[in-house]
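J.: The listed protein sequences derive, respectively, from chains X and H.
Sequential numbering of the first sequence, starting at 1, is according to the numbering used here.
Sequential numbering of the second sequence, starting at 112, is according to the numbering used here.
These aren't lab readings, by the way, just hints derived from the structure by calculation.
Zero decoy hints are in this set.
Taking lysine-lysine pairs in the PhoX-like style, the calculated list, with each CA pair at most 25 Å apart, reads:
1) Lys147(H) <-> Lys42(X)
2) Lys152(H) <-> Lys42(X)
3) Lys133(H) <-> Lys120(H)
4) Lys147(H) <-> Lys163(H)
5) Lys152(H) <-> Lys45(X)
6) Lys155(H) <-> Lys133(H)
7) Lys147(H) <-> Lys103(X)
8) Lys152(H) <-> Lys103(X)
9) Lys120(H) <-> Lys103(X)
10) Lys42(X) <-> Lys120(H)
11) Lys42(X) <-> Lys133(H)
12) Lys42(X) <-> Lys79(X)
13) Lys151(H) <-> Lys42(X)
14) Lys147(H) <-> Lys45(X)
15) Lys45(X) <-> Lys155(H)
16) Lys79(X) <-> Lys152(H)
17) Lys151(H) <-> Lys120(H)
18) Lys130(H) <-> Lys163(H)
19) Lys45(X) <-> Lys79(X)
20) Lys103(X) <-> Lys155(H)
To give a feel for the contact side, a few chain X residues facing chain H, derived at Cβ under 10 Å:
21) Phe34
22) Arg41
23) Lys45
24) Ser49
25) Leu91
26) Gly98
27) Thr100
28) Gly104
In this text, a Cβ means the ideal position worked out from N, Cα and C, and glycines have one as well.
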Amino acid sequence: RKEVEQDPGPFNVPEGATVAFNCTYSNSASQSFFWYRQDCRKEPKLLMSVYSSGNEDGRFTAQLNRASQYISLLIRDSKLSDSATYLCVTLGGGGADGLTFGKGTHLIIQP
Amino acid sequence: DTAVSQTPKYLVTQMGNDKSIKCEQNLGHDTMYWYKQDSKKFLKIMFSYNNKELIINETVPNRFSPKSPDKAHLNLHINSLELGDSAVYFCASSQVWGVGRSSYNEQFFGPGTRLTVL
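So here's chain H without its partners, still in its complex pose (with noise of 0.2 Å):
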């Protein structure tokens, strides 16, 4: 019954390699989310979308695509991997209903995807 999933956890590959990280939530939320989370612990807002629409895109490489097949699904891909793409990817979701009603704007995590490239 985990509210946010994602898969894989664990990530090593190689540079220049393509890859995917799924992620799923079963909280019927409208809005998912992607962050990023560096080496020094700092966790920055890469993409959101709202009822499969992108919301937000924030100065992120175009190596880097979400893709939103229904509400529930927001899956990463990344092209061309190079060596600072290593990080912990983290998914999240919200309900989103409105400014100031900051009950609905929860953001609930996954577990994260560790991410070493080589």
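So that you can see chain X by itself, here it is in the shape it has in the complex (with noise of 0.2 Å):
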């Protein structure tokens, strides 16, 4: 059974186009959603959360689209630096669970 579904890519994108992916989750219940992106050989770190009315934070807007269980990452004008694997990540009802992770998009941007 798989809760988080993402396309692993990778995706290789050319430095300052717009890139997007997305993921769908299982699980009904996930009340908050977010975007992790984890650099080679370090830990995951929040990128962004996601919201139903969705959010930008510079260059990255994240949508989600509860109905179809769907979350999206878009990134405008991509930089070498953005080179990374992105995970989508639900988190389940009841404050202390433990995230759900997708296996994670892979990214390259290059010059």
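Given two chains presented individually in distinct reference frames, assemble the corresponding complex, making use of the accompanying hints.
T.: Here it is as structure tokens:
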């Protein structure tokens, strides 16, 4: 049973381009949603939370569709430093739950 | 001023040995977690402790025993290590406030402990 599904990539994108990834989640009780970023051999770090109304943080825009159980991330004007693995993450009901991670989408920004 | 720290960073050991990984957070968070990231890079929750009390215990062999001496520490002891235990183990913490307050659910991860069982 795959709870959070993502296209693993890699996505090879030229610098300056816009790139979008998405994921789907199976647990309809999930309450909170996030995109985490993980650099090679490093720990995951929160990129942004995802809200139903959609939210933006600089070049990054996240969207949540609860009806379709679908989450997206859009990166505009991509930079070389955006190269990383992007993890789609859900959190179930109950504050002390662990996060459920997708396997991640590997993004490579090319000069 | 590291927020979540783990020791050791690398651990290489023989099959059958017993080893421990330590985790400490100085964020004043109530909840701590252990995750395992396998060779396919899949991150999966193992345990969650809230105020020193076990909340989540996923399907993990009972050779793995978490211990929380206080709210700031969550250690992981592994008995009779097997080849399949080789992975990166991440500790994390969060300030739990309740459902829907995602800003309080953000989990901060330690740098990871790369365990290699030979």
